[in-house]
Amino acid sequence: NAGVTQTPKFQVLKTGQSMTLQCAQDMNHNSMYWYRQDPGMGLRLIYYSASEGTTDKGEVPNGYNVSRLNKREFSLRLESAAPSQTSVYFCASSATYSGANVLTFGAGSRLTVL
Amino acid sequence: GENVEQHPSTLSVQEGDSAVIKCTYSDSASNYFPWYKQELGKGPQLIIDIRSNVGEKKDQRIAVTLNKTAKHFSLHITETQPEDSAVYFCAAPDSNYQLIWGAGTKLIIKP
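Sequence lines, in order, name chains A and B. Here the first sequence is numbered in this note's numbering, starting from 1 and rising by one per residue. Here the second sequence is numbered in this note's numbering, starting from 1001 and rising by one per residue.
Just so you know, the hints here were simulated from the structure itself, not pulled from any lab data. Do not rely on the hints blindly, as some may be mistaken.
As the list claims (entries may be wrong) - The calculated label-pair distances, taken between Cβ atoms and stated as ranges, are:
1. B:Ser1009 - A:Leu69: 34 to 44 Å
2. B:Asn1096 - A:Arg77: 16 to 26 Å
3. A:Ala95 - B:Glu1039: 16 to 26 Å
4. B:Glu1039 - A:Met41: 18 to 28 Å
5. B:Asn1096 - A:Thr5: 19 to 29 Å
6. A:Thr20 - B:Lys1042: 21 to 31 Å
7. A:Asn65 - B:Asn1067: 34 to 44 Å
8. B:Gln1014 - A:Pro61: 25 to 35 Å
9. B:Pro1008 - A:Leu69: 17 to 27 Å
10. A:Gly53 - B:Lys1106: 35 to 45 Å
11. A:Gly40 - B:Glu1039: 10 to 20 Å
12. A:Leu69 - B:Ser1028: 30 to 40 Å
As the list claims (entries may be wrong) - Straight line, CA to CA, 35 Å or less: simulated DSBU-like cross-link-like pairs of lysine-lysine:
13. A:Lys57 - B:Lys1106
14. A:Lys14 - B:Lys1022
15. B:Lys1057 - B:Lys1068
16. B:Lys1057 - B:Lys1037
17. B:Lys1057 - A:Lys71
18. A:Lys71 - B:Lys1037
19. B:Lys1058 - A:Lys14
20. B:Lys1057 - B:Lys1042
21. A:Lys9 - B:Lys1022
22. B:Lys1022 - A:Lys57
23. B:Lys1057 - B:Lys1022
24. A:Lys57 - B:Lys1037
25. B:Lys1058 - B:Lys1071
26. B:Lys1022 - B:Lys1058
27. A:Lys57 - B:Lys1068
Beta carbons: idealized from backbone N, C-alpha and C, even for Gly.
Work out the full structure: start from the sequences and follow the hints.
Structure, rendered in structure tokens:
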């Protein structure tokens, strides 16, 4: 029972470089999410996919793009990394998209942009 | 939109004592209030949640209370143990079903 798997766990980038964070879930969940976590700010939603084939912006989408590759996989891309994107990124999934979503999170990906 | 405030930011209690973390929310239409626990190096994990038609919910040493009139909800942990040390987050959904999160409370259990 892997749950939600994120790769890589750690990454260091230089300003302007691009990278993709990968996320896969094996729970047959319909909805997937990308959050960033910064000290003292809780979790902020970057993008989400309520169901396969759809993606929508969350609270802080600028500088990011996403792809819902299939029901299992949801990737987050930084096209031109900036130091402000230094953060811990979490992928999550839920069975459905509703007002009472129970989220299952991955272990996180720590990104540092120099 | 929804705004969630969480207090305190750090809470230190003696092992065996109780701990209480409080959150306030702004959107009176919110009807679902989860609490997540995040251990070091891991993602958050749901530990208990409550819906707006219920005032209190318990699960062993953990309980959540909801006061809809005052728009606040609280997490209560009794008989604290070392494994309760973690960061706890509250959340509430906005009108688009997106969870808005509190800033987190670091709970330290002193032996």
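- Query: Looking back at the hints listed earlier, which ones does the structure fail to meet?
  - Reply: 8, 9, 14, 19
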